[in-house]
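Start from the sequences, fold in the hints, and give me the full structure.
2 protein chains.
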Amino acid sequence: MTPAPTAPDAPTRPTLAVVGATGAVGTVMLSILSQHADIWGEIRLIASPRSAGRKLAVRGEEVEVVALTEEAFEGVDIAMFDVPDDVSAQWAPIAAAKGAVVVDNSAAFRMDPDVPLVVPEVNPHAARVRPRGIVANPNCTTLSMIVAMGALHAEFGLRELVVSSYQAVSGAGLAGVESLRGQLNLVAGTDLGTKPGDVRRAVGDDTGPFREPIALNVIPWAGSLQDDGWSSEELKVRNESRKILGVPDLRVSVTCVRVPVVTTHSLTVHARFENEVTVDHAHEILSTAPGVVLFDNPAAGEFPTPADVVGTDPTWVGRVRRALDDPTALELFVCGDNLRKGGALNTAQIAELIAAELS
Amino acid sequence: MTPAPTAPDAPTRPTLAVVGATGAVGTVMLSILSQHADIWGEIRLIASPRSAGRKLAVRGEEVEVVALTEEAFEGVDIAMFDVPDDVSAQWAPIAAAKGAVVVDNSAAFRMDPDVPLVVPEVNPHAARVRPRGIVANPNCTTLSMIVAMGALHAEFGLRELVVSSYQAVSGAGLAGVESLRGQLNLVAGTDLGTKPGDVRRAVGDDTGPFREPIALNVIPWAGSLQDDGWSSEELKVRNESRKILGVPDLRVSVTCVRVPVVTTHSLTVHARFENEVTVDHAHEILSTAPGVVLFDNPAAGEFPTPADVVGTDPTWVGRVRRALDDPTALELFVCGDNLRKGGALNTAQIAELIAAELS
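Top line first, the protein sequences correspond to chains A and B. Sequential numbering of the first sequence, starting at 1, is according to the UniProt record's numbering. Sequential numbering of the second sequence, starting at 1, is according to the UniProt record's numbering.
Careful, some of the hints might be misleading.
The list treats identical chains as one, so a pair stands whether inside a single copy or across any two.
With a straight-line cut-off of 25 angstroms between C-alpha atoms, the simulated SDA-like cross-links for lysine to any residue are [unchecked claim]:
{"#": "1", "residue 1": "Lys195", "residue 2": "Leu33"}
{"#": "2", "residue 1": "Lys98", "residue 2": "Gly53"}
{"#": "3", "residue 1": "Lys195", "residue 2": "Gly182"}
{"#": "4", "residue 1": "Lys98", "residue 2": "Ala67"}
{"#": "5", "residue 1": "Lys195", "residue 2": "Gly60"}
{"#": "6", "residue 1": "Lys195", "residue 2": "Arg181"}
Honestly, the hints are just simulated from the structure, not real lab data.
Structure (structure tokens):
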């Protein structure tokens, strides 16, 4: 008998580039790529020239990081970017011009009308139309709630969101984590936190990426100052929610607050819909929505907290209540790992969606 | 010349009893009584029998704690209670029957229609009508925002509040503070907070008064479970805000969340009014309102945080923005020391108000 020909899979598998492989989200990305079904041919790791030559493990193999150059995108089918806005703004179009579909996790292209902003559980169809060859990944704070809100919107028709965030320090990168850990070393074992400024004096002037001490504190600020006192992070949640849900006139009010949690953003959401809602109906939707875990039984001590949610993929939802004074509004408490669904996971899901389309 | 007669002040000064003098709020109360103008004759310290005989400093003198008995209220003009609800429910009427005006900081009487619920900056007149001889002090979470909201309501007419809290552990008493401090010792110097359940395993089962670990975490729960999934703390903020502001049909939605801060509650507030508002007008009101500090200049890094506010008396307000999609709504971030204005200070202010009326 003639032996069966070698399966022609290997040559047709797409080449993936991970740009920003050494960062906080990049590190989680490599772990996700190692866990997910392996659909990729080559996985090329790209970072700034100072990280070039480092070796990182992905799919159980050591891969050498190459420097970010135009040539690095040679033969790449899909390039995931996890780099600062200005680096994306410069390099994503270069990668796209080299023929790669770019999945970008910066803010550079999210509001570009020619760039779709995609959450695979909510608007997967949007990823197919990409005039610039770029697909944008939403901000981590938007992503921490939007899967749950998308499911409720599909059923009830969302009209208004009032959101308050409890954002983890890893949203500010590894520097944020180091800052919190360093400060915890200074306040643990003390009786600080009861007199004006005592935490600030103990922590000193170096508060890392934050504008105030973060140990034993909360900071009502994330991002840069925009018009009329809004922070960039607050406007991102508003504008991105509108674009992803396809409701351009959605009313959205957001206040972003940083809390001393390492990883996993939490949000309180007051969501007003077109018609009356019930908790039972909302439970029914949330308990079957892809990517959502309903964890809502306070009598049994069941509500999500970052300590339980960190390291997991879904959006966790608890504390579902109907507003006492408005039968069209629900209150929810939502947690999502800002480095997984809030960053690397959603980017990987978009890349997998596009890989399936290209194949 | 005949010498002037001795001033008759001393005998007419009212006798004050502090019931619960050894607790978290009681301790702050003794410090406030030592700092405020001394209008009191005797200050009698009352606590549970197991604390009787302890000596505590007030007005620079050591005072022996006496046990809570009916006789302990003999000759008392005003009795401040800072004890659990059931102790207040039992003993406040006994003190009132002995002729004392009771200022009670428990939840036992707050919603009693025959008991006024008083914030001296907002509704001082209410303290004069007290059919049961009892005046109630609001919950610490309500108090952390209500002075600011009262000032805005007087100008703009409040219609709706959507509130999310960032509540300090001392709201759960000294046990809450000890629990956070013990847990910080266990997580400082580690790389915990990045894997599901790693903080929980490090902290162990003893989470003190909380239902989850509080170090490196936030917990969307405060109080006891009430109907339809609401917590008692959330309903208190709703019902007390309505009563204090005198707006029985005010729409109020609250989600209460505990954060790893020792003392000072923070809240985000989405406040909708009868008519259009502007940030300039709101700033004007808040900058002159008694008991309020406006600290709102993000360009200069100015917004309140618990680390700065702890140990101070006022309600601090920052991040004032007009809702982008609703010209009748403001967003605010508010901080108040939950043991001072949120507890001891407001109680002392009510007692001083009544002392002035009695004299």
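Hint check:
When the C-alpha separation of lysine 195 and leucine 33 is checked against a cutoff of 25 angstroms, the pair qualifies only between copies, where the shortest distance is 18 angstroms, while the shortest distance within a copy is 47 angstroms. For the identical chains of this complex, lysine 98 and glycine 53 are intra-copy neighbours only, at 23 angstroms inside a copy versus 83 angstroms across copies, given an alpha-carbon limit of 25 angstroms. In the homo-oligomer, the alpha carbons of lysine 195 and glycine 182 lie at most 25 angstroms apart both inside one protomer (21 angstroms) and across protomers (19 angstroms), since each shortest distance falls under that limit. With identical chains, the CA atoms of lysine 98 and alanine 67 are at most 25 angstroms apart within one copy only, with a shortest distance of 16 angstroms there and 83 angstroms across copies.
Within a single copy, lysine 195 and glycine 60 get their C-alpha atoms only as close as 51 angstroms, which misses the 25 angstroms cut-off; across copies the closest is 20 angstroms, which meets it. Within a single copy, lysine 195 and arginine 181 get their C-alpha atoms as close as 22 angstroms, and across copies as close as 16 angstroms, so both meet the 25 angstroms cut-off.
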